[in-house]
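Peer 1: For reference, the chains in residue letters:
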Amino acid sequence: LDDAPLTLLPLGDLVKIAPMLAAGLSAIVVLLLDLALPPAKRGALAFVALAGLVVALVVLHAFGRVSSEPIAAFYDCLRFDRLTFLAHNLILASAVFFVLVSPRYLQDRLLPWGEYYALILFAAMAMMALAASRELVTMFVNLELLSFTLYVLAGLERENLRSTEAAFKYFTIGSYAAAFMLFGLALIYGATGATQFDVIAESLAAGELRGPLPSSIALSAGLALAMVGFGFKLTLAPFQMYAPDVYAGAPTPVAGLIATGSKVATMAILFQLLSVIAGWADRPDALYWGLYAMTVASIVVGGVGAIVQANFKRLMAYSGVSHGGYMMLALVPALRDPSLLDDSRRAIAYYLIAYVLMTATAFGVAASLGSEGDGKLDRFSGLGRRSPLLAGALAISLLSLTGVPPTVGFFGKVYLFSIPIAAGDYLLAVLGVLASVASAYYYLRAIVRMYMEEPHRDRREPPRVEIFNAFAVAVGSAGVLLVALWPVMDSWVD
Amino acid sequence: VSNVNAMLQGNLALAMTLFAIGAFGFLWKRNAIGMLLCIELMFNAANLAFVTLAQAAGRAEGVAIFIFVITIAAAEAGIGLALFIKIFTEKGSIDVETMSMLRD
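So the sequences go chain by chain: A and B.
Using the working numbering, read the first sequence as starting at 1 and increasing by one per residue.
Using the working numbering, read the second sequence as starting at 1001 and increasing by one per residue.
Any given hint might turn out to be false.
[As the list claims (entries may be wrong)] Just so you have them, the derived chain B footprint on chain A, three or more residues with Cβ under 8 angstroms:
(1) 123-133
(2) 143-156
(3) 163-174
(4) 187-197
(5) 240-253
[Unchecked claim] Derived, one-sided and incomplete: chain B residues facing chain A with beta-carbon distance under 8 angstroms:
(6) Met-1035
(7) Ala-1045
(8) Gly-1062
(9) Ile-1065
(10) Ala-1075
(11) Leu-1083
Rather than coming from a laboratory, the hints here were simulated on the basis of the structure.
This one's a predicted model, so the numbers in the text were calculated from it and none came from an experiment.
By construction, the Cβ of each residue, glycine as well, lies at the ideal position given by its N, Cα and C atoms.
Generate the whole structure from the sequences, applying the supplied hints.
Peer 2: Below you can see the structure in the form of structure tokens.
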């Protein structure tokens, strides 16, 4: 870096981050229009947000198409490769999805339109930047930017104390986890003397720590502390405790975004960081076993926790815990055997597509029901008769979460579980399969309620479903059913 | 070199102590403001570690990182205090024991 010419901002790189700029700028446009428009017309802001996200998607495909070589930007602090490209697509797609299903919910709950859409756009920007980060501090700043938008979104329903309480829990526990992560990053910096992923990888591969604190204990402790922050964002056990409360209290579309886009971004960056660590020649085994324990604990805690839940969003929170565990199950064996990293990346990429489709659809159905979809599972009783579209979409996504063929969730799990088998760790694969079978109990219970129980006395009428909600939910569930048969998937995940 | 080492060890020990005080304090405190202060303490412990390590390595990044972290911590406090005020006006208390609506 010493002989590089000193330019504070390489302006040419702005083109490379154009999709993020599009999301961020449209957030500002939404905020300004929110001031200019009379309250009755602020519903139109949904279209502005939608337009901003579509522009971001178009720009992403126009400039960000990655052929083979990754594109570096801002002195290698950001990098755009295949996995990042996929993550950006999924993030924008889930943002579009939740913008489409939100209006009814926002009306029911009297949420402020301008702030809501602006924060969704800022969150999309932060998620994209997080997925592309290849430097410790860039990563931390983007992670915090994302967290801040989500804290505010979770508490946006100001008249509802449950929403405020969700934001409070999310904020305090999230900041606590972030502080652990930051101290961990300081230790990693101290051990390696670098913050760039590439430079760290290079010195680890050479087997030498070049920092002022060159001890492998410092580096391992740093990574363990950093995992607290990642575990929090991915709701991996034992850092999942907040999730059910936050999902239950936050507005439903926001909970959906927390469960989909934010996890995609975090999983993408965690994969990059762990593939750096996989190349560490004399890595202490404790790191591997620590991640192994987190994986097993997430699958078990997610499965056991979901059984007793009576609230739909709490159930989805525990479901997210076990699905985070499934994804780690494909990543952890690659830590020991770096030759598996490429397969692991493909399996995780595939599962991210599957996970976003099925989870977004499930939250989309709940959000489409407005206040009614926000509560106990018995509110879904008889939905099959009242709204075949919503019930069908939810049933498809729950079947996919269970892993029933021919849904995308089934193929995704086959890919995931093939990684520990390739590594010779049959125990881990068997655990995954058993947990999937057991999960049928709580996913199918919801389906039974929808199709085999009578609707509640006060809720016999068909629910009012807006056209955009119907469209989004139909596309989501069609994706869950059909995307696995689509040959393009192979090139997407590669 | 021994001066640098002494500085490094002393400051890192201080940073770890501050971090531990913050980490345990957070679990100990029942008042939201106290919890926020403990988090700030942990952030600043990490800052101290960054600056010390940058000094020992003779590099500048650690000091730049410190500025980023201060900014983040300020934004964090802004969001947190806004939330606490909202909770205080509704409940008349910012004790975490009162946060138990979401246990259904």
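Peer 1: Each hint needs a verdict: does it hold in this structure or not?
Peer 2: Against the structure, the hints:
1. With 0 residues having a Cβ less than 8 angstroms from any Cβ of chain B, the segment 123-133 of chain A misses the three-residue criterion, and the hint is violated.
2. Proximity of the segment 143-156 of chain A to chain B, defined as three or more residues with a beta carbon under 8 angstroms from a beta carbon of that chain, is established by the 5 residues found.
3. Against chain B, the segment 163-174 of chain A contributes 8 residues with a C-beta closer than 8 angstroms to a partner C-beta. That satisfies the three-residue criterion, and the hint holds.
4. Judged by the Cβ-Cβ criterion of 8 angstroms, the segment 187-197 of chain A is covered by chain B as claimed, because 5 of its residues qualify and three suffice.
5. Only residues whose C-beta sits within less than 8 angstroms of a C-beta in chain B count toward coverage, and the segment 240-253 of chain A has 4 of them, enough to reach three; the restraint holds.
6. Hint status for Met-1035(B) relative to chain A: holds, with the closest Cβ pair at about 6 angstroms, below 8 angstroms.
7. Residue-level restraint check for Ala-1045(B) holds (minimum Cβ-Cβ distance to chain A is 6 angstroms; threshold 8 angstroms).
8. Using the Cβ-Cβ criterion of 8 angstroms, the hint placing Gly-1062(B) at the interface with chain A is satisfied: the shortest such distance is roughly 7 angstroms.
9. Hint status for Ile-1065(B) relative to chain A: holds, with the closest Cβ pair at about 5 angstroms, below 8 angstroms.
10. A cut of 8 angstroms between beta carbons decides the hint on Ala-1075(B): the least distance to chain A is about 6 angstroms, and the hint holds.
11. Proximity of Leu-1083(B) to chain A holds as hinted, the smallest CB-CB distance being about 6 angstroms (cut-off 8 angstroms).
Of the numbered hints given earlier, the model fails hint 1 alone.
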